[in-house]
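K.L.:
Chain by chain, the residues run as shown.
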Amino acid sequence: MQPPRLHKHGLYDPTHEHDACGVGFVANIKGKATHTIIEQGLEVLENLTHRGACGCDADTGDGAGILVQIPDAFLRAACSDLSITLPPRGEYGIGTVFIPNNDTDRDRCVQLFEQVIREEGQVLLGWRQVPIDTGACGELARSVMPDIRQVLIGAGAGITDDAALERKLFVIRKRVEARAREAGLSDPDGFYVPSLSCRTIVYKGLLLPTQMQAFFSDLTDPTFTSALALVHQRFSTNTLPSWDRAHPYRLLAHNGEINTLRGNINWMHARQSMFASPLFGEDMSKLFPIIAPGGSDSSGFDNALELLVHTGRSLPHAVMMMIPEAWQKHEGMSPEKRAFYEYHACMMEPWDGPASIAFSDGTVIGAVLDRNGLRPSRYVVTKDGLVVMASEVGVLQIPPENVASKGRLQPGRMFLVDTAQGRIIDDTELKDGIASHTPYQQHLDANLVRLDDVPAPPAEAIAPYTSDGLLTRQQAFGYSIEDLRILMGPMAVNGQEAIGSMGTDTPLAVLSDKPQLLYGYFKQLFAQVTNPPIDPIREELVMSVKATIGAEQNLFEETAAHCRQLELEHPVIDNAEMAKIKALDDPGLRTVTLPMLFPAHDERVGLEEALATLCNDAQTAIENGATILVLSDRGMNAKQVAIPSLLATAAVHHHLIRAGTRTRCGLVVESGEAREVMHFCLLIGYGAGAINPYVAFETVTHMLAEGTITCDSPAEAIAHYVKATDKGILKVMTKMGISTVQSYRGAQIFEAIGLNRALIDAHFTGTPSRIQGIGLDALAREACVRHRDAFEVAPELDGELQVGGQYQWRRRGEFHMYNPNSIAKLQHAVRAGNYRMYKEYADLVNDESRHRATLRGLLRFRRSTAIPIDEVEPASAIVTRFKTGAMSFGSISREAHENLAIAMNRLGGKSNTGEGGEDPDRFVPLPNGDSRRSAIKQVASGRFGVTSHYLVNSDEIQIKMAQGAKPGEGGQLPGHKVDAYIAKIRYSTPGVGLISPPPHHDIYSIEDLAQLIHDLKNSNNQARVSVKLVAEVGVGTVAAGVSKAKADVVLISGHDGGTGASPLTSTKHAGAPWELGLAETQQVLVMNDLRSRIRVETDGQLKTGRDVAIAALLGAEEYGFASAALVASGCIMMRVCHLNTCPVGIATQDPVLRKKFSGKPEHVVHFMTFIAEELREIMAELGFRTIDEMVGRVDMLEMSDAIDHWKARGIDLSEILTVPTGWRDTALHCTGPQDHGLDKALDNQLIELCKPALEHRTPVEHTLPIRNVNRTACTMLSAEISRRHGLQGLPPETIKLHFSGSAGQSFGAFMAPGISVTIAGDANDYFGKGMSGGQIIVAPPPGATFVPEDNIIVGNVSLYGATGGEVFCRGQGGERFAVRNSGATAVVEGVGDHGCEYMTRGLIVVLGKTGRNFAAGMSGGVAYVFDEDRSFAPHCNMGMVSFDPLEDADVAMLKDLIHRHYEYTGSTVAWQMLSGWKEATQHFVKVMPVEYRKVLASAHLDTDDARVAAV
Amino acid sequence: MGKISGFLEISRELPPRRPVAERLKDWQELEGKLSDEKLQSQGARCMDCGIPFCHKGCPLGNIIPDWNDLIYRGRWKEAIDRLHSTNNFPEFTGRVCPAPCEEACVLNINNDAVTIKQIEKQIIDHAFKEGWIVPVPPSTRTGKKIAVVGSGPAGLAAAAQLNRAGHTVEVFERADRIGGLLRYGIPDFKLEKSTVERRVEQMRQEGVVFHVNANVGAGVPVADLRAQFDAIVLCGGATQARDLPIPGRELNGIHFAMDFLPQQNKKVAGDTVENQLVATGKNVIILGGGDTGSDCLGTSNRQGAKSIHQFELLPKPAESRGAAGIAPWPNWPMILRSSSSHEEGVVRDWSLNTKRFTGDADGNVRQLHGVRLDWKKGDDGRMQMEETPGSEFTLDCELVLLAMGFLGPERKGMIDELGVDLDQRGNVVVGDDYQSSVPGVFACGDMRRGQSLVVWAIWEGREAARAVDAHLMGQTFLKASPDC
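Chains as they are written, first to last, in my numbering: chain A, 110 to 1620; chain B, 7 to 490.
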């Protein structure tokens, strides 16, 4: 059977593919080419194998490759064998070419290649068949293996130097690629040109690192030499074989993800028409399209980068343009560099996302990290002139005495080896050099106009905030009472977005009977697994809402005119700012205002024509010199309806992109319609540079005048409102990991649900929309309904706004699935234990959903042969597949939490701890046999209470990547909810608020997730590891990656899930229904043959047996209930969980209210049993005896044909109902376990060695070597300790282990008390993750001559979520040292950025420098920083901490710790401090969280004894 | 909104009723009012629920949390606007509604409900006092003419809404005053008639034409209405009382409640009532334990009855919901309900069946002969009654008032003449559009749904008005409050 290619099928779309990897390079600084470099490069690659993955076929890797200098001598010899005579080095180019492996395509490709070479006036020297051993790769790889050849091209006439040849080769490659796409090849995916250059060559393929040499015998030839080698091991989220997606690309290898890709591609395309370069002249148009279609984000990045390089910029310069540092808020940056970045921001938006990019043009080789430093990069420089850079340290064995220095790449920094100059050029020298080439600051001063500096227009030009006719305008734009009361009030009063609870249960916009704004048809996308969301509050320093608008110039020049733009501090502007923009009429900054209106009398045609006119007018305005276009609905009146502002904006944006004029103007939207954060995000996401929401401002002003809100002045209310939108926009951007508005603009980070293809293709080009839906006519109708209500209805009937009912149930308002009837019926049924009453409830819910709420409501079961119900498996078996949702103890009361646990244990199902830890008392059954232990232990980003002991007491460990109500966001448990009991379980301090970060700081990409899964599997090899995702477009691809990362279960949550507290923007507008996510997941897993090794679970407003039946048919074998289980326990959807006032004692910690909890385990037991019974009835009807038979049988579903809803009629669910086909017969449900590879773990040996200690507490001591491939060492050993000896573990130093070498990732993860370890060497990322006790000492090996305190010794994200133990590091730590520490003590000699972030307890002593943003979000614990030169203060985030004087107790304790540090590690830093102790104490800064200090003081814990005892 | 922790800090509080001794001497209302401050703090008890069950429990769909919050924040004007958006006559429901909203209040699960009804009443009373209730005549007239037959709560609500929508509305009332049951069914001590009159006056100033002594189907020929109006809305109520066909029923002194109560209302209004039927000095027996019975009780006490007994056929209901869960929250529970009239003196008894009456030689009733009942659950699950052997009793009486419910509209006259279809229970059958089997003839209120509450009648009047407006205009902008 032919394996499937990466083609769109059903819900699967290859544009959502992600990859991540290990990346590295070795280089001889002096540029001496040797074969050793090749061997070393390949050794690095092999040692990164664990960062990649393989598909369903264990011998087929996801891709590996190497980029090297052209091995001239080797090629010369090889070519002479082929009778090809090579010109001198530099006068010929060589290309590696993948050609489809069939005769017709092969000939066609060769032919067109040769033809293009001829047409471009170059000389075809000949072809060389690359020798390969097809037996060396996997079966799947072989099945789609291309014919791999090398083409040799000699320089033709007119080629004066190698740069000219390189450009010509670039033209040839681009032309060949374009021609091949149009050639009608039978296997178009088979043709690909990995490299074509006179400098470098790429060998890559669908291989494992270990297969490289065997497969490409060239690489083993001793004459094959290079001075540098760039290598890459890929981890892809699919198993669909693709040879071309292996890295390196022509200039780079990438680890990470470009989040803003869609926008970057659109902008690049839009700029195309202005491209001009003397270096290319007429050849320029031959390069189009710049971004090759169908490529990955890395491929697109490579395409843009090579364009910038070939058109004249240096490689580092081009990289700086594409991945700028976070310059806006960098207080220490040089003015030249800042000017460089500000100038280039006028030219090109950043390509934003987590990235470690290693690049080389054959002469320089370097690497850069994104502005937030979210990927690891470590390097070693040897005394004999070798540089080794890789995602990990220890990838190449280097004797300690040969090490000159060890370092890491820092956020935004570049590391460059110039083999021509024969030296390493450091970041400052490099960038300052580039930044001073051109007088950027002068250009900026002369041309860039800041809006604040534009003179104020006359008062009469500024539109007043009037109340006259306001009600009519509000009605025409669909304002509701809720918009004012719930959303806008808090924004104007507090500058904050509104918060709500318990998710959303209203219909999708396309299923709603109420007229919806167009914004409502879009859902925000968010990062999960393949890239991290960012914390916009605690990591504000990388964020920026500042942006410029105006005309761009030719990308390849740098003139003064390039920064003739308008700079805005915020995307949302007030009326005075709007007036300033409208008045601009200078050369290069000229504004034209265009009305976005259509005639009221003519709904459908009117809108269509008005849009066309608007687009044409925009085009004309640009041609007449306008550089800023204002789209305005100010002119709305009884006869003119406002075009939905998003429609107008997107239509103009895409029209101008197509016309090639988009970058010649900025778009500003003056709209009364926009008012919510989501609205602003959409407008920006579809191209708007600024928005003036004038009716929102009028509304806020009016509310203040009326007294419904309180604020000092209208100006203040408006300022608050703008501030709230800034914060909200940042939050939405950061969900996707995007840091700047400049790159968010036009990035289209949305999915449409319920819009038809014609509409999307015309105006929202490139936006996923998978169920079709309404088009322009329905949008016109909705706009006209609102317009008529506003303008036509007599005022006496019309005195108020519509009620809304989105956030709270209202009779006149939006439909809710949880409504008075459904809640009352459900509660009555479970309390009475009455199945008949339950069926009334179920009928009500099932019927409602059929008519108007959910996608599953539009599905029905196909007729089938029924079976007697007693042949169906019993309810008692079915309920074991049921789970309750992750709700933390802390968010809900102890009573409610334990009630669910007891109920699920009685049923044999599973309850979930949520992210708040669990009291160990609950692991012990009650006397009556009930158990309060939650079978599922959740591991979320906060890692509260996650200890070795917690993990061994689980049946399933769930990694929460996202939650339905607020995917991509963190959480916060306010101090007033943290009582003594909660604090104990969460390892924090009573009364001190707790922050869960948006990302897991050990998961920034898919291979990190694989690592965490591996860690958790080590922490409890008897538990399943589950990964919780939230449905959005592309989730299936992520799920495939999760399966390849060896998760045992993947949970697809719907967007509508409940929660304790979430911004309403997120609750309503982020994520997709589970039906879409689940169906996509099932399809992608089956297509990739990954389904059989993973269980699939779904949740999100499951309420009835019918819901479960549909979930099963769509592919889920386990089912979660959260809101419904709470309703069964007494929840009445107050939606005040965030206020601690739950009147039924569920979502509260107030002791008075907790007493009112009246739920009983039997209520939940009844509920689950009734669901199972209803499900059995459906199974009998459909003829299924077991759930296993039923899972994935999507063929048993069809779309209901009785949809008479005027909007729903356009919906097409065929993509959901697509029956997936695997490339071989493949299971539709899980049939076997994952291979976690635990048998290869070092810990098996450790456990054996430590048996006496484990069994008899007899002390043991051993010495062993360790390497970077030994990951997660000491974790299984710790699990054994916790399992046998409980929370207390073993007495200190019962087990002593001494390692030498570079420890792999997650060394000492979840280490239990009783283990004491030394490492002579260094360690990688996640060192001491979740450490629960014990001691780790790391110091350089004997023989090392580098200065330890100047070098890095442990990687990023050390001690993440640690709850205990001690660590001593002789050397520096990386980024985020001790992030979320809640109990460990550590001494370290320097840390990177974001040290001690979110810390809640514990003690950190830094004997050297810290990076920026130290102590951000630190709410507890103490840090001491040695600050001899007083440079620390600007590096500390003072948001939650203050600097306290050292007291005697502090000094005594510090002395003790530093003394021990000296004893353990031999630290010279410690020795020097101790020798001048009095002096040294003067230089320590004590970093103390303010809130924590207050609580300690009030608890009288602040005594010397208590504090010293705490250490 | 509201005060977030208000319900934890403030207890439910109602104004005291006037003392029994005092109130028995007059016919004035007996419910007091809370100070504005106290009322605001009662509003603060509202929890602003995600699902306001009160809003569902209220037949009108009053948006209770919104105005509770507005009252808490002292925003009376907006409160009355929000209240009027669902209810034309909060002054009526604020006085006579049994407040199913309070039964459904989420606080009622494990605490005391918010004093919704009291807040409603004070919002509208405050608005009248401030002079905010002024005529709002429609800005344009549609030219359509509508006849509303009956001026009870349904008729008034329909008329008010249709007039707002710009139609020309004439109301036909067979009695001598406007108000229907509000005017002649409910005693003054529960609803002073000035309250009705001021609202009727407002409507009149808005352009509604009222005809009294206009009995459609008798004095006013049905054909005339058909000819003169574009639509007719029947709001005649369910006025046919349930009778008790047992021996002795024909004796003097046995009367329907609705023969008794209106006379007193007329008297209070200053009319002279010839041969008024009074309870003064008599032993009174009221048969029927509902609201009408209660009204007979309060009226009899005020007239100076010698003794009063109130008997109910059904067994005594539970005192509270308890754990039995018969009608669990948020449903309306069948529990023992005592009105203010019960505080004023009565002997109540349940599970009693009246077998016959006996009288004196002049044909006046003298004694009631009854028997006690045992209620048991039958095989079909329904309650069945059985007489308790040996429990027969006799009780002296000079006045017996029958308050045993109503059996739908009267058929004679208008209904028969119009020829509208009736259902099994004798109510007018209408479609979703409130139109009867006769095109252009609509029905609502008790006439459509059978005997019910004032609050339901107002809702019916509003919904019917929407239907009529849509029927005449092709669309309607009158606000809906869909039943759900």
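FYI, nobody ran anything at the bench for these hints, they're computed from the structure.
Some hints could be false.
[Stated by the list, open to error] Distance condition first, Cα-Cα at most 27 Å in a straight line; then the derived DSSO-like pairs of lysine-lysine:
id : chain 1 : residue 1 : chain 2 : residue 2
1  : A       : K934      : B       : K383
2  : A       : K1086     : B       : K9
3  : A       : K748      : B       : K485
4  : A       : K1349     : A       : K1265
[To be verified] Simulated restraints on C-beta separations:
id : chain 1 : residue 1 : chain 2 : residue 2 : range
5  : B       : G213      : A       : R866      : 50 to 56 Å
6  : B       : D439      : A       : G1292     : 17 to 23 Å
7  : A       : D1310     : B       : N219      : 55 to 61 Å
8  : B       : A476      : A       : E1286     : 39 to 45 Å
9  : B       : R147      : A       : E1286     : 43 to 49 Å
10 : A       : S973      : B       : I16       : 46 to 52 Å
11 : B       : G213      : A       : G734      : 48 to 54 Å
12 : A       : V902      : B       : P21       : 29 to 35 Å
C-beta: ideal position from N, C-alpha, C; glycine also.
K.L.:
All the hints need checking, so say for each whether the structure fits it.
P.N.:
Results of checking the hints against the structure:
Restraint check for A:K934 and B:K383: satisfied, since their Cα atoms lie roughly 24 Å apart, inside the 27 Å limit. At roughly 19 Å between alpha-carbon atoms, A:K1086 and B:K9 fall within 27 Å of each other, so this suggested pair holds. At most 27 Å may separate the alpha-carbon atoms for a hinted pair to count; A:K748 and B:K485 meet this at roughly 24 Å. Of the pairs offered as hints, the one joining A:K1349 and A:K1265 is violated, with about 53 Å between alpha carbons and a cut-off of 27 Å exceeded.
Judged by the Cβ atoms, the range 50 to 56 Å given for B:G213 and A:R866 holds: they are separated by roughly 53 Å. The beta-carbon spacing between B:D439 and A:G1292, approximately 44 Å, falls outside the hinted interval of 17 to 23 Å. For the hinted restraint 55 to 61 Å between A:D1310 and B:N219, the CB-CB distance of approximately 59 Å keeps it satisfied. The beta-carbon spacing between B:A476 and A:E1286, approximately 41 Å, falls within the hinted interval of 39 to 45 Å.
Distance hint for B:R147 and A:E1286: a CB-CB separation of about 58 Å, inconsistent with the stated range 43 to 49 Å. About 59 Å separates the C-beta atoms of A:S973 and B:I16, a value inconsistent with the hinted range of 46 to 52 Å. Judged by the Cβ atoms, the range 48 to 54 Å given for B:G213 and A:G734 is violated: they are separated by roughly 60 Å. Take A:V902 and B:P21: their Cβ atoms lie about 40 Å apart, and the range 29 to 35 Å is violated.
In the structure shown, a violation is registered for the earlier hints numbered 4, 6, 9, 10, 11, 12, in ascending order.
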